[in-house]
Amino acid sequence: MDAIFLQILNGLDKGSAYALIALGLTLIFGTLGVVNFAHGALFMIGAFCAVTFSQILTLSHKATEPTGTDFLGNPKFDDIMYVHEWFGQSTGDWMIDWAVPLSILFTVPVMIAIGFIMERGLIKHFYNRPHADQILVTFGLAILLGELIKYFYGANPYPTPAPAAFAGSFDFGAMLGFDPNTIIYPYWRLIYFCFAAVVIGAVFAFLQFTTFGMVVRAGMADRETVGLLGINIDKRFTIMFGIAAAVTGMAGAMYAPINSPNYNMGMDFLVLSFVVVVVGGMGSLPGAVLAGFLLGIVESFASMGAVLEVIPGINQIIIYLVAIIILLTRPRGLLGRAGVMED
Amino acid sequence: MSTFNPTRRGLIQTGVVAGAGLALPTYLRADGHSGFTNAPTGDTVTLGFNVPQSGPYADEGADELRAFELAVEHLNGEGDGGMLQTFSSKALDGTGIMGKKVQFVTGDTQTKSDAARASAKSMIEKDGAVMISGGSSSGVAVAVQALCQEAGVIFMAGLTHSNDTTGKDRKANGFRHFFNSYMSGAALAPILAAEYGADRKAYHLTADYNWGYTTEEAVRSSTEALGWETVAAVKTPLTSTDFSSYIAPVIQSGADVLVLNHYGGNMINSLTNAVQFGLRDQTVNGKNFEIIVPLYSELMARGAGANIKGIIGSQNWDWSLEDKLGSRYAGTNAFVKSFGTKYGFPPSQAAHTCYVQTLLYADAVTRGGSFNPCSVDEALTDFEFDGLGNGPTLYRGDDHQCFKDVLVVRGKENPENEFDLVEIVEVTAADKVTYAADHPQFAGGSLGTCNPGA
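Just so you know, the protein sequences line up as chains A and B, in that order. Under my numbering, think of the first position of the first sequence as 1, with each following residue one higher. Under my numbering, think of the first position of the second sequence as 1001, with each following residue one higher.
Just so you know, these hints were derived from the structure itself, not from any lab. Note that the coordinates shown come from a computational prediction; the quantities given were computed from them, not determined experimentally. Incorrect hints may have been included.
What the hints assert, rightly or not - Simulated pairs of lysine-lysine, BS3-like, Cα-Cα distance not exceeding 25 Å: (1) K1168/B - K1112/B; (2) K1432/B - K150/A; (3) K76/A - K1324/B; (4) K1090/B - K1337/B; (5) K1324/B - K1412/B; (6) K1337/B - K1324/B; (7) K1342/B - K62/A; (8) K1101/B - K1126/B; (9) K124/A - K235/A; (10) K1201/B - K1287/B; (11) K62/A - K76/A; (12) K1342/B - K76/A; (13) K1121/B - K1090/B; (14) K1432/B - K1324/B; (15) K1309/B - K1287/B; (16) K1090/B - K1101/B; (17) K1201/B - K1309/B; (18) K1337/B - K1412/B; (19) K1101/B - K1337/B; (20) K1432/B - K1168/B; (21) K1201/B - K1168/B; (22) K1309/B - K1324/B; (23) K76/A - K1309/B; (24) K1412/B - K76/A; (25) K62/A - K1337/B; (26) K1342/B - K150/A; (27) K1337/B - K76/A.
Claimed, not checked - Taking beta-carbon pairs under 8 Å as the criterion, some of the chain B residues facing chain A (in silico): (28) A1058; (29) S1245; (30) T1272; (31) T1341; (32) F1419; (33) E1423.
What the hints assert, rightly or not - Which stretches of chain A does chain B cover? Using the computed rule of at least three CB atoms under 8 Å from a CB of chain B, they are: (34) 4-12; (35) 185-192.
We put the beta carbon where it would ideally sit given N, CA and C, even for glycine.
All chains, full assembly: derive it from the sequences and hints.
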């Protein structure tokens, strides 16, 4: 029982990442009709926004007096951080410690800008091209972005710790009446799940309760009719691209303490997120979220030792098996609309 | 109107002429009649450095390439000479190799066997490389070593730790300076027993490829011999990035030690996940829960950040070795000085092994008086040397494996600088990690005979 509970928790945080990426992915597909294979790269860039913000906070200059010798025996000058000089030692330390949550303030504008540039500079030229062309160009863009990050940051992962206050784990076992230390779960993963829930809720609220969102939803349902009403739907869709990039970027930034960011992490999530979108139903926002959590939990259960003993390697194919079964029984996906991507 | 009536005789004649024409350029190349592949004819000799320039080990590949460049500089008499000053063999004099200036070409292994073989093949066939070196993966090393054996060139392996490289997949044209899984297990076991006791329950997470298997086998057999029990060993896909699903069952397994047979990004992520799940804060079976990483790497330690603190593992070499343990490890400081002055930071063990392998190859050619792979083979067989940073070392002829001291290290709790990541817990003497060439963990392979190619 405790093992099952633990795997559900595992599935929820994994599902959170899938759901957040898939949400952005399906927003772009639903509004612009573009199959964006560079979306995983946006997740990766978001994570590197957190890395960059941490590096900005630790920018320093050399002390004027040597304090010892370096590894070659030459005089060594300590690094003095600007945040300590400007905000004092304790505030500076707090800012560095809380770099990842604070990086959201940096990530959102950067990702919106990147989203705009991507959409206006490249992707809009492929609106009326076949999906295969869109996939090729966005996949090429994903490789380019990955290589750019590798050029500037190297291939090694960057350790990006969560604030010290969230470094430990929560003992669910003790809380739920099981043996202590049998169901422990890292605080930051719980926070990530809550963060994902808030962001998903905010996106739904934005689309559901604002005029802008209403127009976008109408455009997703029938773009031509909305256009005939004199509404510049393209402009709104461009803004939605920026919002989707920001959502995915935030997902990446907050994910940085869970797994150290590296230039290839976008690719790791991209294929799975696409499966999530397809299973949820192309263009369906609730479908993406539902499928994200569902597949996260299924994958987590498939990785249990007891399951692997019976079917070795099942954890590596379970998501695709579920996708095949769902698409065979319900081709439009769990919550997809009829006619989308069926031609 | 002309007609074309081919005859059997005409066809044979045409075929012979065409075949001779096609073969002529090959014959006119030196290797066509010099007795071995890519025999250098001019005043230069070309070496091929095949390292991961993209993919997950690209940082290690970059460090290997830096070391190769430095080695070439030193061989050509440029720079401060590095380890040429401390190397026990004095055959090298800074005039290249046998008077031929050393030049090099590079390839990108991408840490994929197919890509590594393709780039090595290209360096051998198009660039005329007479020796291939480098790499940061055992899968790649085994694949490229087999290619070099077929092609008739020498392979001086870079970072490869699997037993198989000099075990079941050993080849006469291949040589490994780096240590291996067996040596890690043999060096680690007594330290683990001393640090954590002989009554432990271990849970292994193992990368699902040949290096993972041999490392798990080596650590299991050496720790089980001490009295440890292995409660479970789970294979993890090489492509895994989030190990939380694998870490969670560890908590409920009753294990009090987690052995991470992972390397590179896998190690960084699995260790980070294990620490996040609070494993190291737990008390199981009345003992502190411990995590072990059999193969350490400075670059990976940097990637793991604070999570590496206090974690025990093993290394082939460390840049602080001579400072900490004295002149037995002579050559270390000379190399660190050359490397640090040129690049601004200390070299990794991947860089060290690549630098040393280049010097050893050049030395073997010079002592043997020929670039012929069979001459190099003969010169390196049972060659004993010193002054290259690891103390007295033997290149054993039976399997082309180097035998030298092995370091047991621990992630440093209070680093003094960004490069000060590990403390040396123990140096295990070479004789304690030496095994018979037909040891069961290395069985099933044969060196065969050297292949000069051509």
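So, going through the hints one by one against the coordinates:
For the proposed pair K1168/B and K1112/B, the alpha carbon gap of about 20 Å is at most 25 Å, so the pair holds. Taking the CA atoms of K1432/B and K150/A, the gap is about 41 Å. The hint is violated against a cut of 25 Å. Using a Cα cut-off of 25 Å, the hinted pair K76/A and K1324/B holds, with the two alpha carbons roughly 20 Å apart. Note on K1090/B and K1337/B: the hinted pairing holds, with a Cα-Cα distance of about 20 Å set against a maximum of 25 Å.
Using a Cα cut-off of 25 Å, the hinted pair K1324/B and K1412/B holds, with the two alpha carbons roughly 14 Å apart. Taking the CA atoms of K1337/B and K1324/B, the gap is about 15 Å. The hint holds against a cut of 25 Å. As the CA atoms of K1342/B and K62/A are separated by approximately 21 Å, the hinted pair is consistent with the 25 Å bound. Taken as a hint, the K1101/B and K1126/B pair is honoured in the structure, with Cα atoms around 19 Å apart against an allowance of 25 Å.
At roughly 11 Å between alpha-carbon atoms, K124/A and K235/A fall within 25 Å of each other, so this suggested pair holds. In summary, the hint linking K1201/B to K1287/B is supported, as the alpha carbons are separated by about 10 Å, within the 25 Å threshold. Only pairs whose Cα atoms come within 25 Å are accepted, and K62/A paired with K76/A is accepted, the gap being roughly 9 Å. For the given pair, K1342/B sits about 17 Å from K76/A by alpha-carbon distance, which is consistent with the 25 Å threshold.
The suggested pairing of K1121/B with K1090/B is violated, with an alpha-carbon distance near 32 Å, which exceeds 25 Å. For the given pair, K1432/B sits about 21 Å from K1324/B by alpha-carbon distance, which is consistent with the 25 Å threshold. With a C-alpha separation of about 19 Å, the suggested pairing of K1309/B with K1287/B holds against the 25 Å cut-off. Between the alpha carbons of K1090/B and K1101/B the distance comes to roughly 18 Å, so the proposed pair stays at or under 25 Å and holds.
For the suggested pair K1201/B and K1309/B, the alpha carbons sit about 22 Å apart, so the restraint of at most 25 Å is met. Annotation: proposed proximity of K1337/B to K1412/B holds, straight-line Cα distance about 23 Å (limit 25 Å). With a C-alpha separation of about 24 Å, the suggested pairing of K1101/B with K1337/B holds against the 25 Å cut-off. Between K1432/B and K1168/B the alpha-carbon distance is near 22 Å, which keeps this suggested pair within the 25 Å criterion.
Simply put, K1201/B and K1168/B have alpha-carbon atoms about 30 Å apart, too far for the 25 Å limit, and the pair is violated. Of the pairs offered as hints, the one joining K1309/B and K1324/B holds, with about 19 Å between alpha carbons and a cut-off of 25 Å not exceeded. For the suggested pair K76/A and K1309/B, the alpha carbons sit about 24 Å apart, so the restraint of at most 25 Å is met. The suggested pairing of K1412/B with K76/A holds, with an alpha-carbon distance near 20 Å, which does not exceed 25 Å.
With a C-alpha separation of about 23 Å, the suggested pair K62/A and K1337/B falls inside the 25 Å cut-off, and the hint holds. With a C-alpha separation of about 22 Å, the suggested pairing of K1342/B with K150/A holds against the 25 Å cut-off. Taken as a hint, the K1337/B and K76/A pair is honoured in the structure, with Cα atoms around 16 Å apart against an allowance of 25 Å. Using the Cβ-Cβ criterion of 8 Å, the hint placing A1058/B at the interface with chain A is satisfied: the shortest such distance is roughly 3 Å.
Checking S1245/B against chain A by beta carbon gives a least distance of about 3 Å; that is within 8 Å, so the hint holds. Interface hint at T1272/B: satisfied, since its Cβ lies 6 Å from the closest Cβ of chain A, which is below the 8 Å cut-off. Using the Cβ-Cβ criterion of 8 Å, the hint placing T1341/B at the interface with chain A is satisfied: the shortest such distance is roughly 7 Å. The beta carbon of F1419/B is positioned within 8 Å of a beta carbon in chain A (closest approach about 6 Å), and the interface hint is therefore held.
Violation of the interface hint for E1423/B is found here, the shortest Cβ-Cβ separation to chain A being roughly 15 Å, above the 8 Å cut-off. Counting residues of the stretch 4-12 of chain A whose C-beta lies closer than 8 Å to any C-beta of chain B gives 3; at least three are required, and the coverage claim holds. Here's how the stretch 185-192 of chain A fares: 4 of its residues keep a CB closer than 8 Å to some CB of chain B, so the rule of at least three is met and the hint holds.
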